[in-house]
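For the protein sequence lines, the chains are A and B, in the order given. Numbering of the first sequence is given in numbering that gives the first Met the number 0, commencing with residue 0 and proceeding in unit increments. Numbering of the second sequence is given in numbering that gives the first Met the number 0, commencing with residue 0 and proceeding in unit increments.
Read the hints as simulated data drawn from the structure, not as lab findings. Among these hints, one or two may not hold up.
Unchecked claim - Per the computed footprint, the stretches of chain B lying under chain A, defined by three or more beta-carbons under 8 Å from a beta-carbon of chain A, are:
# : region
1 : 64–73
2 : 121–131
3 : 155–165
4 : 252–265
5 : 272–285
Unchecked claim - For each label pair, taking beta carbons as the anchor points, the in silico distance ranges come out as:
#  : chain 1 : residue 1 : chain 2 : residue 2 : range
6  : A       : Asn150    : B       : Asp262    : 12 to 20 Å
7  : A       : Val47     : B       : Leu279    : 18 to 26 Å
8  : A       : Phe296    : B       : Ser58     : 43 to 51 Å
9  : B       : Leu283    : A       : Glu194    : 33 to 41 Å
10 : B       : Ala18     : A       : Leu156    : 40 to 48 Å
Stated by the list, open to error - In silico negatives: residues of chain A with every beta carbon more than 12 Å from chain B:
#  : residue
11 : Glu25
12 : Thr48
13 : His60
14 : Ser62
15 : Glu65
16 : Phe66
17 : Leu75
18 : Leu91
19 : Met98
20 : Thr136
21 : Pro154
22 : Glu236
23 : Thr255
24 : Gln267
25 : Phe297
None of these values were measured; they are calculated from a predicted model. Even glycine gets a Cβ: it sits at the ideal position worked out from N, Cα and C.
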Amino acid sequence: MQGTVDDEGAAMMAALSDRPSKRLGEKIVVAVLFLAAAVSIFTTFAIVTVLVTETVPFFQHVSFREFFFTTDWQPLFRPVSFGIWELIAGTLNIVLWSMVFALPVALAAAVYLSEYAHHRTRSILKPLLEALASIPTVVYAYFALTFVTPNVLKPLLGDGISIFNALGASIVMAIMLIPTIASISEDAMSAVPRELREGAYGLGATRLEVASRVVLPAALSGVIASVLLAIARVVGETMIVAVAAGSTPNLTLDPTASVQTMTGFMLQVGLGDAARGGVEYQSLFAVGLMLFLITLFFNIAANWFVRRFREVYV
Amino acid sequence: MANATMGAEIRLEATGQVARRQRASRWSRWILFGFAMIGVVALFLLTVITIMEGGSRLSWDLIQNYPSRFAERAGLRSSLIGSAWVMSITMGLVVPIAIGTAIWIEEFAPRNRLIDLIKLNLANLAGVPSIIYGVLGLAVFVRFMSLGPSIIAGALTLFLMILPMTVIASQEAIRQVPASVRQGSLALGATKLQTVWHHVLPGALPGMITGVILAVARAAGETAALIMIGAFTFISFDNSSIFDQFTTMPIQIYNWTTRPQQDFRANAAAGIIVLMAIVLTFNLAAAVLRERFRRN
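Next comes chain A alone, as it looks inside the complex (with noise of 0.2 Å):
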């Protein structure tokens, strides 16, 4: 009922809306409106064009089998050094062990708030662990560095563990995306028709078989979805990793050694003033594209997947 007279109403108001505006006020205010939306466009633009145009410069110094092909990242103090995969490793060491530490966490609690949880119970939570997403990024690093390596860290692991090390910034990290994953996961899962879970329910199975075996299975593209925008936010995520996890470029997975990440380079040449023009300068954008690429492949392949659960419920 209410849906055929909205069918109408939407064809009545295209058919009204597609006249041709006759004031020139009207074009005038459209155009400027357009212009507003011209600024993202150009925002992607500039971006693409002011990494680009200053790695180019990059690999006029250094070979692409330099960056890409040796291991050793030293930027700053002679002789000088390109390869990336010392950064990249101080990146992947911090996305493999904050993601052990948010997944469980974060999934447990979507389900939990999702598939057990009292309304007014989930009215409390929700709010609080959503609240984690409002702390500023400085506020976590000044937690990871002061509180979670000194307290937690040293009296479990020995002195062995440095005061700058992967396993404190991943530990925190995984706190600050909590609500990342748990938010959209949950959503994914509140998607997910009651049919099946009254199905299920109806042919005898628990709660907790419903959540694991109907629920999750089913809402599995947001889950992963959720997973993906987080990988990227680790990546690009800067102040934790460049005040806790060190500025030691290290080729390693160990989560107790002090590694630098992508970001952390990018930032710590940011607070210096390299000169313009210098091949330390130049990279700064050519670790920039690389950073700005995997975060897109990440966040492409998260909408994609968004896409995919609004598709088959909502």
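Since the structure of chain A is already known, use the hints to place chain B on it.
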């Protein structure tokens, strides 16, 4: 699944199978609840530790003093003023442009390939790491446009950073306005623009403001992008022009955090209390606004 069906028919309690499954399910509630509480405990710990470390340093002097080599004399004055300048300009830029973009996309844009591309572009821009926006700001505003590491360069950088999320929130707000409102207005002879100005915009405004507040809160806590454009500086004067060099609160907190002396760590904690008070006020305002909007 075969087990489950059989269980119902031949009453497997005898062998304990059903009882076991039900016990597992009962336990799972508490185990999952425990996992869900980890985030809450972390939030609690973070709050308590910051207050314990920084509470004693919280004073009028901390707000009023310029930064200093001596922890007990160092304060947030220049970074508070810098943050206020940058935030006001960022907000002044993002409000008209984000809302204009959203209105154009939702109400005026032709429904074709181009608009799909623009939407995809916005979604991807929203996921670009903040440090990349910093690199963009450094190359375009600081160097190319010769603005230097100034307030205006910082504000433009943060503006570009929060624009995508603000546009997406504004689009959602516009979509919440029922089609019947537009139809009624158009049927009475209003032009498209009159309809948007008098009916769509007022209806979408609370949702738009919520989105702007959340985005500005994000910008207020941003550190990396502003360090990239050169805002990691020692400022001991009150900013008075958009071309001044500046620093912001998160950068001051970063500075204090990375110093080895314990006294500066206490300053960092006190700075965090001030920053969090501001950010949480923003978030609370957005939440209250959203609730009130939903009720009406």
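Hints, verified against the model:
{"no.": "1", "hint": "64–73", "in the structure": "violated (count 0)"}
{"no.": "2", "hint": "121–131", "in the structure": "holds (count 10)"}
{"no.": "3", "hint": "155–165", "in the structure": "holds (count 3)"}
{"no.": "4", "hint": "252–265", "in the structure": "holds (count 5)"}
{"no.": "5", "hint": "272–285", "in the structure": "holds (count 5)"}
{"no.": "6", "hint": "A:Asn150 with B:Asp262: 12 to 20 Å", "in the structure": "holds, 18 Å"}
{"no.": "7", "hint": "A:Val47 with B:Leu279: 18 to 26 Å", "in the structure": "violated, 36 Å"}
{"no.": "8", "hint": "A:Phe296 with B:Ser58: 43 to 51 Å", "in the structure": "holds, 48 Å"}
{"no.": "9", "hint": "B:Leu283 with A:Glu194: 33 to 41 Å", "in the structure": "holds, 39 Å"}
{"no.": "10", "hint": "B:Ala18 with A:Leu156: 40 to 48 Å", "in the structure": "holds, 41 Å"}
{"no.": "11", "hint": "Glu25", "in the structure": "violated, 5 Å"}
{"no.": "12", "hint": "Thr48", "in the structure": "violated, 9 Å"}
{"no.": "13", "hint": "His60", "in the structure": "holds, 18 Å"}
{"no.": "14", "hint": "Ser62", "in the structure": "holds, 23 Å"}
{"no.": "15", "hint": "Glu65", "in the structure": "holds, 22 Å"}
{"no.": "16", "hint": "Phe66", "in the structure": "holds, 18 Å"}
{"no.": "17", "hint": "Leu75", "in the structure": "holds, 17 Å"}
{"no.": "18", "hint": "Leu91", "in the structure": "holds, 16 Å"}
{"no.": "19", "hint": "Met98", "in the structure": "holds, 15 Å"}
{"no.": "20", "hint": "Thr136", "in the structure": "violated, 7 Å"}
{"no.": "21", "hint": "Pro154", "in the structure": "holds, 15 Å"}
{"no.": "22", "hint": "Glu236", "in the structure": "violated, 7 Å"}
{"no.": "23", "hint": "Thr255", "in the structure": "holds, 21 Å"}
{"no.": "24", "hint": "Gln267", "in the structure": "violated, 10 Å"}
{"no.": "25", "hint": "Phe297", "in the structure": "violated, 8 Å"}
Of the hints listed earlier, those the structure fails to meet are numbers 1, 7, 11, 12, 20, 22, 24 and 25, in rising order.
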